[in-house]
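Colleague: What follows is the residue order along each chain.
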Amino acid sequence: MKKKYSIFQLARNALTGHKNWPLMWRSPEPREFYDVIIIGGGGHGLGTAYYLAKEHGLKNIAVIEKGWLGGGNTGRNTTIIRSNYLWDDSAHLYEHSLKLWESLSSQLNYNVMFSQRGVMNLAHNEHDIKEIKRRVSANNLNGIDSVWLNKEEIKKMVPIMNTDNLRYPVLGASYQPRGGVARHDAVAWGFAMRADEMGVDIIQNCEAQEIKTKNGKIEGVQTSKGFIRANKVGVVASGHTSVLAETAGIRLPLQSKPLQALVSEPIKPIINTVVMSAAVHAYVSQSDKGELVIGAGTDGYNSFTQRGGFNIIEETIRAMVELYPVFGKMKMLRQWGGIVDICPDASPIISKCDIEGLFFNCGWGTGGFKATPGSANVFAHTIAKNEPHQINAAFSLNRFTSGKLVDEHGAAAVAH
Amino acid sequence: MLLIQCPFCGTRDQSEFTNGGEAHVKRPDGSKEISDHEWGEYVFVRANPKGIFYERWVHLHGCRKWFNCVRDTSTDEILEVYKLTDPRPDINKFNKIVETPSGEPNVGSGNFTVKK
Amino acid sequence: MSDLNVKDNKFIQFHQKISFQFDGKKYFAFKGDTIASALLRNNISLVGRSFKYHRPRGIYTCGIEEPNALVQIISEHSEPNTRATIKKIYEGMQIESQNRWPSLENDIGSINSFLSPLFTAGFYYKTFMGPHKSFWKKIYEPVIRRAAGLGKPPKEFKAISNHMHHNVDITIVGAGLNGLLAAKSLINSNYDVLLIDQDDQLGGILNNSNKILSINNQQPSEFVKEIIQEIQNASNIQILKNTLVTTYNYIDHLIAIEDKFVGSKPTNDKVNSTLHKIRTSHVILSNGHIERFLSFQNNDLPGVMLSTAFEKYICRYGVSPSTQPVIFSNNSNSLSLIKKLISIGHKPRAYVDSRSGEEIETELFDTIHRNDIPIYTNSLIAAAHGKKHIEKVLIENNSGAISEIKTDYLCISGGINPDVHLFTQSKGILDWDEQHLTYKPYKSFQSTITIGSASGQFDFSKIDTELNEKLSIFNVDKIKLDIKTNVCSLLKVKKLWEVKSPSKSIWAKSFIDLQNDVTTKDIRQAISEGFDRIEHLKRFTTNSMGTDQGKISSINALGIVSDLLDKKVNEVGTTIYRPPYSPLSFAAIAGRNTYEFYDPERKSPIHSWHLSKGAVFEDVGQWKRPWYFPLNSEESMHDAVQRESKSVREGAGILDGSTLGKIEIKGNDALTFMNLIYTNDFTKMKPGSSRYALMLGEDGMVKDDGIICKISDQHFIATTTTGGAANVLTCMEEYAQTEWPELNVYMNSITEQFATFNISGPKTRDIMQKVFPDIDFSNQTFPFMTFQFHTIDQIPIRIMRASFTGEMGYEIYVPAQQALKIWEKIHHFGSDFGLVPYGTETMHLLRAEKGYIIVGQDTDGSITPIDLGLNWMIGKSKKDFLGKRSLTRSDTIRPDRKQLVGIIPSNIDNHLEEGQHVVLEDKIQTPMPMLGHITSSYFSPTLNHSFGLAVIKNGHALIGTEAFVSTPDQKTIPVKIVNPVFYDQENQRLVS
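Chains as they are written, first to last, in my numbering: chain A, 2 to 417; chain B, 16 to 131; chain C, 195 to 1186.
What the hints contain is simulated information worked out from the structure, not anything from laboratory work.
Yeah, the Cβ is synthetic: ideal placement off N, Cα and C, and Gly gets one too.
Any given hint could turn out to be false.
Claimed, not checked - Straight-line Cα separation of at most 30 angstroms, DSS-like style, residue types lysine-lysine; simulated pairs:
#1 C:Lys220 / B:Lys130
#2 A:Lys5 / C:Lys327
#3 A:Lys290 / C:Lys581
#4 C:Lys282 / C:Lys761
#5 A:Lys405 / C:Lys1147
#6 C:Lys818 / C:Lys581
#7 C:Lys459 / C:Lys220
#8 A:Lys290 / A:Lys60
#9 C:Lys637 / B:Lys111
#10 C:Lys878 / B:Lys47
#11 C:Lys880 / C:Lys840
#12 A:Lys156 / C:Lys818
#13 C:Lys220 / C:Lys349
#14 C:Lys225 / A:Lys20
#15 C:Lys688 / B:Lys131
#16 A:Lys152 / C:Lys878
#17 B:Lys41 / B:Lys108
#18 C:Lys1015 / A:Lys269
#19 C:Lys860 / B:Lys41
#20 A:Lys55 / C:Lys331
#21 C:Lys1015 / A:Lys156
#22 B:Lys41 / C:Lys1078
#23 C:Lys220 / C:Lys533
#24 C:Lys1070 / C:Lys1092
#25 A:Lys226 / B:Lys111
#26 A:Lys290 / C:Lys282
#27 A:Lys269 / C:Lys637
#28 C:Lys327 / A:Lys353
#29 B:Lys98 / C:Lys331
#30 C:Lys1147 / A:Lys55
#31 C:Lys637 / A:Lys20
Claimed, not checked - Each pair of labels, with its calculated beta carbon distance range:
#32 C:Asp1103 / B:Ile49: 50 to 56 angstroms
#33 C:Ser802 / B:Leu99: 41 to 47 angstroms
#34 A:Ile8 / C:Lys464: 32 to 38 angstroms
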């Protein structure tokens, strides 16, 4: 690592007016040819380039990004990190990621502020309880920290929660102590800086326009900065992945939908963990700055506008006000939307395809941020070795033909 | 929040409707043999274009009728609404706003605020 | 400060004294005062401490753009971060300053200011990583979190707010001069018009400034009064005051919030605020402009204020923060302030302009000279100094010489920006205006018209021309205006984004974002580190991310960046303006859709009976279902369920099954349709018979189940699960309309039209015979899985011989209105036979003993009928049904799929927990392979031990073998894998 960050560096720079900090990354023009081109300069894409260079010895790599790096869903999500997934395949993938998170700041020597303040998933009816207890048990047997909390234990951790006087009372919760939140931008910046140091060209404002193939093999990418040849291309373009795949004649089982989030005005600490509720579609944590960071649901239609309906915000806020009576006097500071690419089974695709040298990492839906280092790590492996890592073997494109889905919708319909 | 012209009831707020995904996808005839791959495509794969999109809506909290719609997914602008029995409108009659696959419209984009 | 000798006016009632508390001390002001004007009236300029460095901060503006003067309203459930410049005081209001400890004057946190050279932009990314990762969680983060945040958390608050919907033709946002004129033009037009203003007084600049002398020879106040009168009398215009438009959605959908308690304390029994949701055909944005500030060293000191704000305090509130402020500007916007000061006998101590004498407009120059105001041309304020209030300023001329002036106030104006927030929310595009050095609207995306300063039109003499042109689409009469003003005829701005600090000290600070304590040094550092995309810069420095969203400063930051990068401002771009325009109350957004109105409670027609019997309820979707019926407060759930279960097996029990979905399907092709929807083949089924049926998704997985009654080939009634009812109907309608429109079939929900009673147990037939003496319940005339229609006491009912408990039983369908009568009749006769009511828990236990599944509990969307051992339900000869093709994919024909089995503990004292997993090893060693999980588990009073259902890999083949089940405390218990039917495998009791 060329750039070293520490309190001593900070103090030394303070004395010189912070004029001598090194450049985080270069702004190179694209070369004619790369071994690997990653399309999409978000956390997953930059991380993929980082691990390709660091763990697989590849040097001639480019990340092309149509806007500014980290500007898609990486910079728009509610930063929740957890690995308490139900199915083995998901649990292993997200736990792999969580382990990488735990050492990411020191790995990158850049503080991504991974805050392991725990993640709570609430149960509001008997059906929720059964689902959540099942998940807790599966987590435990998979070696993932996960506990069932009763109402009193919840109340102790989140005293402001109204557990009783609401339409769907809080009956219990799962809790993963190692879960938490991180500073989303820092993840992209940290990966970008260290990838750049290892020679990866990060090319911003360079739009991938067509994936060129010949005789079933990848040729390169037509971009707004010209045609770039490549041996391998990895597409990590979240909402736009299926649009790019289409240019190579590949149809992906993805639908791009708006997902919204919002923050409140900053206040002093009031909630010290992450609380999610699937039943009332609301999750909340408090940022280090003091803002309540609140995630809402997706709109039901496809859209690339990064804008959703206000009705979705209303749904979320009313649940918040009901669940946390003190929030009534809070105010929404900003709301925004991103484009999430959703797979039919709510699990990602990290896979090669019928075209030699073309790889996809997509379908993360509403929860891709938590997977950033893990996804990048196994995707780099898949690209470098032309074979999936055992952790992402189940997340192949082929599952939609065989029917071997990894259905993480959580709960089927409530029924009696 | 969109405004949607139900072909049976007139213009109503989006909250009365539910989206049904891509239109003009024909369910394979059950009496014919098809491969796992073809069936998988039918069950799981739908078009997801940025730009002109033929889709279905149902006026769920209204007349409960299904209908088709042409919408530009890069701006959400609804270009045409038509009944299931109406022919599919020719794509060439609609302005193509997005020039490149992942490009953004000049106006109405979620990403740009300033004249280029 | 100077209280001006003003008489009562519509803004301030000077005869009405009001007391309020600030940081526990009592002060007086007048009705109509904002917190800010009240504090200024009391000579208070230190109002809060800044976010990061805890620097003293005062009142910077006189409106919604305020970055500094945020206070906590203790008397309103401790509402944090309230803008002192907007919120009006009322008698007894309690206000506290924020982000200081122990007190505003002596704040420990201000040590941060000393350490500030360390706390530069993004410092936290570069440190706090050692010596061990636990330090972040245990030490660094708690300290950072406590230091951050502005106000304290509010108190619990049960909000009362409501929502109001509007559908109008034209919405005018902002009732300033342009908005009022636009509204007036539309009087008696064919358009429904909504005129919205955030203020309690319409008129905008006419109330708040000294800029306009006369309009058509009328005094501004007279003009406003008359025009408002006319608009109010118009039948096609509705005015919303105290209403702020915060959000401009697609398609021309506006969100606005109305404060219902301006100037008084909100009560708990009345609506506090109304959220207006406006759908309109046209939006006229006449929401004005916002003045920019300027960056120089210590430009954050209390006593530094925007020029227009200073003017507004005088004109609107009758309070002048100072009698002799220094004015610093790069444009002509302060002329009206100077004239106002002179008119009330005050005089600026100095006028400092970055422009040369020639560049300064003649009107401005003459006014200054005529009044002997010291003028410094080609000069800049290089720094302000003072402890907790400005005491002096340093003036630097173009040769670098610095002079010093003592002053208690400094008014600054860096130019004016059209307020484009709403316009960009609408996804309109901005363009850079080189003349006024600001962004202005360029191209609308929606039906948006911008007028006046909101459109970047700052010339009063062109108001009529612009209105005539832009309103011509509405076919309104043209207007002609004669406006005399106190402003220079053309607004000229000279580029000036910041004044370089004369001090080389590492502590010297020129702020670019006051609320987030972002300095111009931070901007430079960010650029030098490569954060040159404007969004990177924002995120790295937190510039414009405060509650004011950089309203007075973001353009200045863009200017600095474009200079540093040597790019045009348009190339730099702006960050996206995100809704809402100004922070929007959670309570208002929630409206009445919370608490008792959060979600409807659906209740069975005989809910009152359950209540009277002390039933405990369970939420199932929106339904309230009796869970169990405790005999008394002593009886536990377990005991009640054991008792209820035993009663059913030994005598009889009755369940209220009214919540089950019921769908009636009719039409010539109803049979064909039903054969396509369900797995079963209904072709050979006799009319009058019924059948248990499964519905799959196209992926082949079980989605719902129910009993299908065939009345004829053209008429069916289907039941669905309680939670699945709506989806099943929607699915049927979808396929009927979109896939098989050629089929003649109709369907309708009859769930709420009929109550359903499920009675079962060995004594059932005896009870039924008593209740319905005219019906023959013998096996010959009323066999299992048949149904009959009868009319009893003039009530049409349908009785079906069916059972979900494994005992012989009937389902009775009764019109909802008469349900209670029949239910009570059954109980009347049933009591002699020991009939008990039972709830869902007992139902679950009994059906599990019988191996009957519950969709959503024993299935989870990944289970096929074959996995459940229900192959017999699949119509083999059918060419097609939903999901059929999926059942033969490579993964669904895999023999080792998860399959339904029964589980009993080898040691019958053990209990199985639902959700625990079946494993092959008795020792838990993670990660370990899992066969599957326990989907249902109960203690059976009949078997006298715990038993469960499970879906496990290769389950059908494993029946008869042994395995282990995990426990919540990470142990295992040995179990046997068995057939999932535990009770009456031969079905003798069903058909008895």
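Colleague: State for each hint whether it applies.
Modeller: Hint by hint, here is what the structure shows:
1. C:Lys220 / B:Lys130: Since the Cα atoms of Lys220 (chain C) and Lys130 (chain B) sit roughly 52 angstroms apart, the hinted pair is violated (cutoff 30 angstroms).
2. A:Lys5 / C:Lys327: 17 angstroms, holds
3. A:Lys290 / C:Lys581: 27 angstroms, holds
4. C:Lys282 / C:Lys761: With Cα atoms ~44 angstroms apart, Lys282 (chain C) and Lys761 (chain C) exceed 30 angstroms; violated.
5. A:Lys405 / C:Lys1147: Holds - the C-alpha atoms of Lys1147 (chain C) and Lys405 (chain A) are around 14 angstroms apart, at most 30 angstroms.
6. C:Lys818 / C:Lys581: The hint is violated at about 64 angstroms.
7. C:Lys459 / C:Lys220: 17 angstroms, holds
8. A:Lys290 / A:Lys60: Measuring from Cα to Cα gives roughly 38 angstroms; hence the hint is violated.
9. C:Lys637 / B:Lys111: This hinted pair holds, its Cα atoms lying about 18 angstroms apart.
10. C:Lys878 / B:Lys47: 24 angstroms, holds
11. C:Lys880 / C:Lys840: 35 angstroms, violated
12. A:Lys156 / C:Lys818: 25 angstroms, holds
13. C:Lys220 / C:Lys349: Cα-Cα ~23 angstroms, so holds.
14. C:Lys225 / A:Lys20: Not OK: Lys225 (chain C) and Lys20 (chain A) at ~52 angstroms, beyond 30 angstroms, violated.
15. C:Lys688 / B:Lys131: Holds, at roughly 24 angstroms.
16. A:Lys152 / C:Lys878: Measuring from Cα to Cα gives roughly 53 angstroms; hence the hint is violated.
17. B:Lys41 / B:Lys108: 23 angstroms, holds
18. C:Lys1015 / A:Lys269: Not satisfied, since the Cα-Cα distance of roughly 58 angstroms exceeds 30 angstroms.
19. C:Lys860 / B:Lys41: 25 angstroms, holds
20. A:Lys55 / C:Lys331: 28 angstroms, holds
21. C:Lys1015 / A:Lys156: Given that 30 angstroms is the threshold and the Cα spacing comes to 44 angstroms, the pair is violated.
22. B:Lys41 / C:Lys1078: 16 angstroms, holds
23. C:Lys220 / C:Lys533: At roughly 35 angstroms apart (the allowed maximum being 30 angstroms), Lys533 (chain C) and Lys220 (chain C) break the hint.
24. C:Lys1070 / C:Lys1092: Measuring from Cα to Cα gives roughly 22 angstroms; hence the hint holds.
25. A:Lys226 / B:Lys111: Holds. Lys226 (chain A) to Lys111 (chain B) sits at ~22 angstroms (cutoff 30 angstroms).
26. A:Lys290 / C:Lys282: Given that 30 angstroms is the threshold and the Cα spacing comes to 28 angstroms, the pair holds.
27. A:Lys269 / C:Lys637: 41 angstroms, violated
28. C:Lys327 / A:Lys353: Answer violated: Lys327 (chain C) to Lys353 (chain A) is near 36 angstroms, above 30 angstroms.
29. B:Lys98 / C:Lys331: 58 angstroms, violated
30. C:Lys1147 / A:Lys55: 40 angstroms, violated
31. C:Lys637 / A:Lys20: 40 angstroms, violated
32. C:Asp1103 / B:Ile49: 50 to 56 angstroms: 54 angstroms, holds
33. C:Ser802 / B:Leu99: 41 to 47 angstroms: Once the Cβ atoms are compared, 45 angstroms apart, the range 41 to 47 angstroms for Leu99 (chain B) and Ser802 (chain C) holds.
34. A:Ile8 / C:Lys464: 32 to 38 angstroms: 54 angstroms, violated
In summary, the structure is inconsistent with hints 1, 4, 6, 8, 11, 14, 16, 18, 21, 23, 27, 28, 29, 30, 31 and 34 from the numbered list given earlier, while agreeing with the others.
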